[in-house]
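Each chain is listed here by its residues.
Protein chains: 2
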Amino acid sequence: MRLSRYFLPILRETPKEAEIVSHRLMLRAGMIRQESAGIYAWLPLGLRVLNKVNAIVREEQNRSGAIELLMPTIQSADLWRESGRYDAYGKEMLRIQDRHDREMLFGPTNEEMITEIFRGYVRSYKDLPLNLYHIQWKFRDEVRPRFGVMRSREFLMKDAYSFDLDQAGAVHSYNKMFVAYLRTFARMGLKAIPMRADTGPIGGNLSHEFIILASTGESEVFCHADYLNYEIPSADTNFDDIPGLQSTVDKWTSLYAATSEMHDEAAFDAVPADKKMSARGIEVGHIFYFGTKYSEPMGAKVMGPDGQEKPVHMGSYGIGPSRLIAAIIEASHDENGIIWPEAVAPFDVAILNLKAGDSATDAASERLYRELSAAGRDVLYDDRDERPGGKFATADLIGVPWQVLIGPKGLAEGKVELKRRATGEREMLSLEDVAARLSRHK
Amino acid sequence: MRLSRYFLPILRETPKEAEIVSHRLMLRAGMIRQESAGIYAWLPLGLRVLNKVNAIVREEQNRSGAIELLMPTIQSADLWRESGRYDAYGKEMLRIQDRHDREMLFGPTNEEMITEIFRGYVRSYKDLPLNLYHIQWKFRDEVRPRFGVMRSREFLMKDAYSFDLDQAGAVHSYNKMFVAYLRTFARMGLKAIPMRADTGPIGGNLSHEFIILASTGESEVFCHADYLNYEIPSADTNFDDIPGLQSTVDKWTSLYAATSEMHDEAAFDAVPADKKMSARGIEVGHIFYFGTKYSEPMGAKVMGPDGQEKPVHMGSYGIGPSRLIAAIIEASHDENGIIWPEAVAPFDVAILNLKAGDSATDAASERLYRELSAAGRDVLYDDRDERPGGKFATADLIGVPWQVLIGPKGLAEGKVELKRRATGEREMLSLEDVAARLSRHK
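In order, the protein sequence lines correspond to chains A and B.
Under this note's numbering, think of the first position of the first sequence as 25, with each following residue one higher.
Under this note's numbering, think of the first position of the second sequence as 25, with each following residue one higher.
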């Protein structure tokens, strides 16, 4: 992408309304724009990151055997009356009347709708297990939306729903998502620690939050430091291996880890002093097993092998990709801007033509732009007629992992400068070597 | 994808409520499920098609230089008061009050919001031209939603918005989208004919609808038959070539073509008798140039080269991917089901194991499944323990372009059967030759 033809509205001033660093940086980097309280447009740079995050979420959901569909945003109130949640949900639910005065709502979550879909088609235990997910916009009418997309009203959510014949099956489905979540966050360069959680309004009896550590995190968490070095399950994990997955989950839940709500000071005291860690954390995922809480009142039953009809055991599993992006920035930035982990960066590499209009820097920049693009890299080519200082600041602010600085002085010696955003390391190398050097980091 | 692990809820009965063939087939093939009047969930098979359609739309938008962002679904009523459309829009707009009694709405289109975004950042003609698009769910509260996703209330729309300094620039932006639309529909295997259109509630003075011909189309259209054989602009079209694009648009608008609303019997009479075509058509895209209709009242101005501030000239450009899928089915089906054009098919090829459990057919099917998947094909492997008749019917119904039938009898002679859905052609060939045979059609 040539920056001269892109839409990247960088803000010079720090917006006053932004209270946390991710919100400030997302506004300044031209990633988002507030349209109403807690409602944001994703500008081109922000959308690129959102798409990369979604792609990783999707790959790991699919790998675990979950199947993607897409439910609508607007739901019927009657569906929520079946579960009893229509009245229980309170003012966070955005309630709507259509032109025929039918009561509708903008879905804050989809347990009811997916249960309705399930019961419409599935009759036999032979069609289980089943895990259906979607990535769709949700709305929760927070009384005081703030912190940008960290706590917005309209937000993107990946929500998966598992269906099993019995509790044992449901626990295996839960474990699949547990492992998928470990992989998902690790692929984004995050250390996420599963912590036993309260089930809240979703209900149920087994639940974990996935918390990433960031000094600016919203809440205090307590855990055993060994979690930070635990090995992430590999890409060729066999998700059908029931004992194998259970042992992974056991390992990841055996040491102490708790949010402040679930914190047990006595239990934490049993952790060796040099392994005690208390830190700030941000919730980036939440998984639930809640048995027959929805299937029972909504009549989602299957015929078991014994010929008896039984309500299915269900779980639900959420990741908020829009919120997750803010969390990544909280965990990875410096005074100059965002530092994207490579897997979710909006562009892989930025080419900074330090003297646009100079025939040598133009030719070298164009050549590298074509070459890296042809190699499948997402390249942002800063071809604008602007001072080098402005280009450096923009590239640092938007956090592209690699920058190639092409100026007349270096070129006279046949060299360009490669800078790594995360560390600030720089090296001079020939134009020919840039692609090879970057390919080691693909 | 193994069908035994997929979620493909085929209906045996034809649903009574479906009045048109695309609606019937989408319900029967397990592509969609109605959740409320005019509101549908996209089941896994339907979502696959939707994603393929979106990918083509996106590629052609990007090729023309348009830039993707993503605006929220919920908008503020105040924004629409600025343009004067809040009161004018009528009951099709889904109006909402939030918990603080602020007036909101579910966006039926985004002219106001994109104008607000534009004016928030762009100040100079040097940043033009600019074309911003998104693919987002819209809501129009149709008084009588029907025909499935052909006329639903919640629907997906790609809407692009162009910004130019003056009318000449705006016409070039219009022409870019005109050409992008020709390419988009052609890549989906559709013959789409641009027809001069009324501008309706969007307003403005230049507008075309893109109409595809289908015997079950919603309205009557009249055109010169030569359009059917016009060459589609190539992938390497130079979108910066102003006279080049204009001559393409001139060519595609020089012959007679009109919807019934714009039909002029006298002008149609001038078409040679053997070239006169009247047919049923379905609108799949609509483009508008409307000058300063929104920029003027909303204050979206840029500084011109003469130092004067001027309201920008705008256009908007819509394609409804959800509706488009219904239109494709209307144009391409037979008595056994859907016939997908290859570019938008949910799967490229279906492998039908005609005797699941037989070691020879299992081994051959598994091998081909792995081989085609590794070659990057989207493969649906029907590994279920079901009669061949049921498998044939399912594969025909869901319209996968190629079917590989693997049965014990053929295998005994080292052969499998390859069937092309569109023509019914069949050939026997060795397992080894299937991949090579299909790669000719990639």
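If you're looking for bench data, these hints aren't it; they were derived computationally from the structure.
Hints may be right or wrong, so weigh each one.
No copy is singled out in the list; a pair is fine if it fits within one copy or between any two copies.
[What the hints assert, rightly or not] Below 25 Å or equal to it, Euclidean Cα-Cα: the simulated DMTMM-like pairs (lysine to aspartate or glutamate) are:
(1) 379 / 410
(2) 439 / 285
(3) 115 / 102
(4) 325 / 106
(5) 299 / 125
(6) 275 / 111
Going through the hints against the structure:
| no. | hint | in the structure |
| --- | --- | --- |
| 1 | 379 / 410 | within (8 Å within a copy, 68 Å between copies) |
| 2 | 439 / 285 | neither (56 Å within a copy, 64 Å between copies) |
| 3 | 115 / 102 | both (17 Å within a copy, 22 Å between copies) |
| 4 | 325 / 106 | within (15 Å within a copy, 52 Å between copies) |
| 5 | 299 / 125 | neither (59 Å within a copy, 50 Å between copies) |
| 6 | 275 / 111 | neither (40 Å within a copy, 60 Å between copies) |
The structure does not agree with the numbered hints 2, 5 and 6 stated previously, though it agrees with the rest.
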